[in-house]
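Chemist: The primary structure of each chain is shown beneath.
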Amino acid sequence: MFSAETIAGYLNGSVEGEPSTVVTGVARIEQGKPGTLCFFANPKYEKYVYTTKASIILLNRDYELRESIAPTIIRVDNAYEGIASVLGLFEQKKLANKKGCDRFVWLPWRFKKGKNCYIGAYTYIARGARLGNSVKVYPQVYIGENVTVGDNTIIYPGVKIYQGCVIGANCIIHANAVIGSDGFGFAPQANGEYKKIPQIGNVVIEDNVEIGAGTTIDRSTIGSTLVCSGVKLDNLVQIAHNVEIGKNTVIAAQTGIAGSSKVGESCIFAGQVGVIGHLKIGNRVTIASKSGVSKNIPDGMAMLGFPGMEASKYKRSFAVFRNLPALRDDVDSLVKKVAVLENNQEDKSQ
Amino acid sequence: MFSAETIAGYLNGSVEGEPSTVVTGVARIEQGKPGTLCFFANPKYEKYVYTTKASIILLNRDYELRESIAPTIIRVDNAYEGIASVLGLFEQKKLANKKGCDRFVWLPWRFKKGKNCYIGAYTYIARGARLGNSVKVYPQVYIGENVTVGDNTIIYPGVKIYQGCVIGANCIIHANAVIGSDGFGFAPQANGEYKKIPQIGNVVIEDNVEIGAGTTIDRSTIGSTLVCSGVKLDNLVQIAHNVEIGKNTVIAAQTGIAGSSKVGESCIFAGQVGVIGHLKIGNRVTIASKSGVSKNIPDGMAMLGFPGMEASKYKRSFAVFRNLPALRDDVDSLVKKVAVLENNQEDKSQ
Amino acid sequence: MFSAETIAGYLNGSVEGEPSTVVTGVARIEQGKPGTLCFFANPKYEKYVYTTKASIILLNRDYELRESIAPTIIRVDNAYEGIASVLGLFEQKKLANKKGCDRFVWLPWRFKKGKNCYIGAYTYIARGARLGNSVKVYPQVYIGENVTVGDNTIIYPGVKIYQGCVIGANCIIHANAVIGSDGFGFAPQANGEYKKIPQIGNVVIEDNVEIGAGTTIDRSTIGSTLVCSGVKLDNLVQIAHNVEIGKNTVIAAQTGIAGSSKVGESCIFAGQVGVIGHLKIGNRVTIASKSGVSKNIPDGMAMLGFPGMEASKYKRSFAVFRNLPALRDDVDSLVKKVAVLENNQEDKSQ
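Protein chains in written order, with our numbering: chain A, 125 to 474; chain B, 125 to 474; chain C, 125 to 474.
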């Protein structure tokens, strides 16, 4: 439960109305009930500003009310951004309360962990693993030998982290993600079989990284697969062995980066993108969804298509593709006309 | 074990031969052994009708035997559909028997569950969660705070359901699926970092939904990500935050629906389809495998390609694409011929 | 810990220097420390041959040293392949040591397992399941009724194997893979709903198969989904019901094979490939990443594109696609020129 005053303080906002009004949750403006907080940002919803039953409403500082309203008002620079922070307030409060160790937890001999950790039931932590302060490990997680996890990191149920991997501070790893599974490396043999190339590197996840549900990150053959600080990976993403993902790069769901490719900083990859192995992708590269990248990409380029091309060029080519049958018809008709013209010229030259 | 009579009753069929013949399982017609039931639907297998060792055979009502056969016969309108029901008989019998609570189950204080539930070992059920009647929860499942699960729903091993999600009745959720993980929402900051936008909505799965292994469904930012009744999702499908999937829509493996898109009723999406965010897909839309959808689609349209186009139009364009080098050659040759023609005309006009 | 002599014996190599030199691990040549072994294969790193602090160095037999070096040398035909084997030595030693049964393991009545098995905590093994010799089952694994697992197979944390599946010998199954989930089969009903077609077959994995993290393999409707010996599947691969994958075929991450398709032997599929259902793919077929296969493919063909075509043909078409706007311009200009030519001819014929 938070008061208007507390929330306004948190948001650097100002209260109009009763500062002691309290709320226990957030609602959409059109569904606001007493005890909830709502916000107004999208003009389409303006009418609800005057009818909402919410107890507190977030308004932009420059919004002029046409008449007085019932809820306590908190004025902020940007109500839309403000609501995110309010949600964070509630969420963090709830999570921060979870600490201690459930029954049925497998801990190693001489286990090293920081203060205020939570470890859920049926979680297995192998020998040599270490947790920082305020780490939350949900139930049914596997943390292999010598894994280290930084402060404040949250590991959701069913995550599996193989031996020797390093997880930074302030990370969030969603359910059933797998970190440190063997890279996909095999040496073809003369008889057609493949011999496994042992993968004895690890995965290093730096700070402030979020990893989506079901995402898989393979360990390096030797050395480290590296996910730099601030990277955000969506669900079901595949990061192969020896890959490096630069700082603050964002990768949407079901994208795959093949072995040994290096992705720069501050890139944005949409969903279902594929990057083949051994490439170098620059900084601030944008790749449209479903695109396939098979060549190095310089800094700042926007890519689209399969095979991927510079986005604007691909769009121009695709615009013609849409009408290819008409182009074919034009050419067929030209062929006929030119034959007639050639015939006529020949007739005349005879 | 079921008798021919029981099975015929179940299928609305009629028995020819001994009604008390019993079977304990189903076999392919070419592999039928005593004590099994087989069916004949594909003409390619007709010879086996006369040689199978199965004890019971399902035949279409209109199939005329060329000679008498050993197995007891059950005549039905459609043997192929009939076999599905018979399989169901056996399967349901087996599953329905599972009830009770294994040891090593984590249950909350004052846990509310219906009759005839099964809860497997190492499953964690958080406070406030409720199960309906005859719910089967396999081992190693995580059910978060305040989750509700409707009657007869089956949750296979390793499924993780985050707090506050709602699962309907008669649903099946396959192993390692994740429901309610955070939506992929971040606000870019001036310094290049991204700030997490808390995702405090939930996921609502209505009745009769099947969800494949490893599929991920993210919770909404505010409100609900919604999967309507009768929807069938295959394996490794990604449903992003705020998405809605309409009634009886079927989505094949590895397809991804990006944030806030609304998919209509009775659509059929093949595998590896991608739908970008904030779109509206109509009812009864069909999308071919691997297609990318980047625009709204009206009711009933068939889509194909990347970027996606109306299927028939895409096919015509692609037919020309297949022979683009020939088209290029035709044009090159025309360019030369026209140059010659122009030259000749000029010569003559001089 | 291994001596130079032991390692040389294992690699069929010869020692130059002290055969009793021992190492406890492997390092990159530029990071070699005493007690480690390094290798030299990439000419870019040649200078480190003369400066590395590693205790043992693997060199190609034909490499000529320019001056004497400190480490003990092991000469082999191919240092790069050699290092893989050395890594294997260390890895296998570590793993082979793991045996016995953790506490909190769910074992069935009259459980049958071979010698030297390891079973991790929170693993559930259902009735009728059997493990061969030296099987390693990590924590939090689910092994359903009557599943059999062959000798030396390693099953990583969180793997779920449904009832009745058969896993061969010397297999490796990575974390959170799912084997034997229901095939995606539904019969449309007159009212728009879908009725589940029970999937009562199983999955058969032969020997020497590796299965990546998060990969899903569905059970057959009737009969078996079959993964033949020597097959290697990367992460997040989807194998649908009734599929067969031939011997020694390698399939990279996020590829999906739809229902009932048969893939031949010794094929190589890159990442994010899609194969639609009911196809027959020959032996030794190569499919480039992201390609979509919608037709049968004969032995030995290389495929590329979406829809997939013979790779060389696709590349030629795509080369024209890149410059389609220029082609369109050429045609437009031809149309004009031909109109002028026609006009002129007409003028003259008048």
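Hints are not guaranteed to be accurate.
Which copy is meant is left open, because identical chains are indistinguishable; a pair holds if it fits in one copy or across any two.
[To be verified] 30 Å max Cα-Cα, derived DSSO-like pairs, lysine-lysine:
1) Lys157 <-> Lys320
2) Lys419 <-> Lys472
3) Lys439 <-> Lys222
4) Lys237 <-> Lys218
5) Lys439 <-> Lys320
6) Lys237 <-> Lys217
7) Lys319 <-> Lys157
8) Lys218 <-> Lys320
9) Lys319 <-> Lys222
10) Lys168 <-> Lys237
11) Lys236 <-> Lys437
12) Lys157 <-> Lys168
13) Lys461 <-> Lys171
14) Lys222 <-> Lys157
15) Lys404 <-> Lys168
16) Lys460 <-> Lys404
17) Lys472 <-> Lys157
Worth flagging that the hints you see were computed from the coordinates, not collected in a lab.
Chemist: So, for every hint listed, does it hold in this structure?
Modeler: Evaluated hints:
1. For the identical chains of this complex, Lys157 and Lys320 are inter-copy neighbours only, at 26 Å across copies versus 60 Å inside a copy, given an alpha-carbon limit of 30 Å.
2. Proximity of Lys419 and Lys472 under a CA criterion of 30 Å is satisfied in neither setting, with 55 Å inside one chain copy and 52 Å between copies.
3. Taking identical chains as interchangeable, the C-alpha atoms of Lys439 and Lys222 are never at most 30 Å apart, the minima being 51 Å within one chain and 56 Å between chains.
4. In the homo-oligomer, the alpha carbons of Lys237 and Lys218 lie at most 30 Å apart both inside one protomer (22 Å) and across protomers (25 Å), since each shortest distance falls under that limit.
5. Proximity of Lys439 to Lys320 under the C-alpha cut-off of 30 Å is found in neither arrangement, the shortest distances being 42 Å within a copy and 32 Å between copies.
6. In this assembly of identical chains, the alpha carbons of Lys237 and Lys217 lie at most 30 Å apart whether taken from the same copy (22 Å) or from different copies (29 Å).
7. In this homomeric assembly, Lys319 and Lys157 come within 30 Å of each other (Cα to Cα) only across copies, at 28 Å, whereas the closest approach inside a single copy is 63 Å.
8. For the identical chains of this complex, Lys218 and Lys320 are inter-copy neighbours only, at 16 Å across copies versus 46 Å inside a copy, given an alpha-carbon limit of 30 Å.
9. For the identical chains of this complex, Lys319 and Lys222 are inter-copy neighbours only, at 22 Å across copies versus 46 Å inside a copy, given an alpha-carbon limit of 30 Å.
10. When the C-alpha separation of Lys168 and Lys237 is checked against a cutoff of 30 Å, the pair qualifies neither within a copy, at 50 Å, nor between copies, at 42 Å.
11. In the homo-oligomer, the alpha carbons of Lys236 and Lys437 never lie at most 30 Å apart, since the shortest distance is 55 Å inside one protomer and 60 Å across protomers.
12. In this assembly of identical chains, the alpha carbons of Lys157 and Lys168 lie at most 30 Å apart only when taken from the same copy (20 Å versus 65 Å across copies).
13. For the identical chains of this complex, Lys461 and Lys171 are neighbours neither inside a copy (64 Å) nor across copies (61 Å), given an alpha-carbon limit of 30 Å.
14. Taking CA atoms no more than 30 Å apart as the test, Lys222 paired with Lys157 passes inside one copy only; the shortest distance there is 28 Å, against 43 Å between copies.
15. Taking identical chains as interchangeable, the C-alpha atoms of Lys404 and Lys168 lie at most 30 Å apart only when they sit on different chains, with a minimum of 18 Å there against 44 Å within one chain.
16. Taking the closest pair of Cα atoms, Lys460 and Lys404 never come within 30 Å of each other, the shortest separation being 49 Å inside a single copy and 42 Å across copies.
17. For a Cα distance limit of 30 Å, the shortest separation of Lys472 from Lys157 qualifies neither inside one copy, at 90 Å, nor across copies, at 86 Å.
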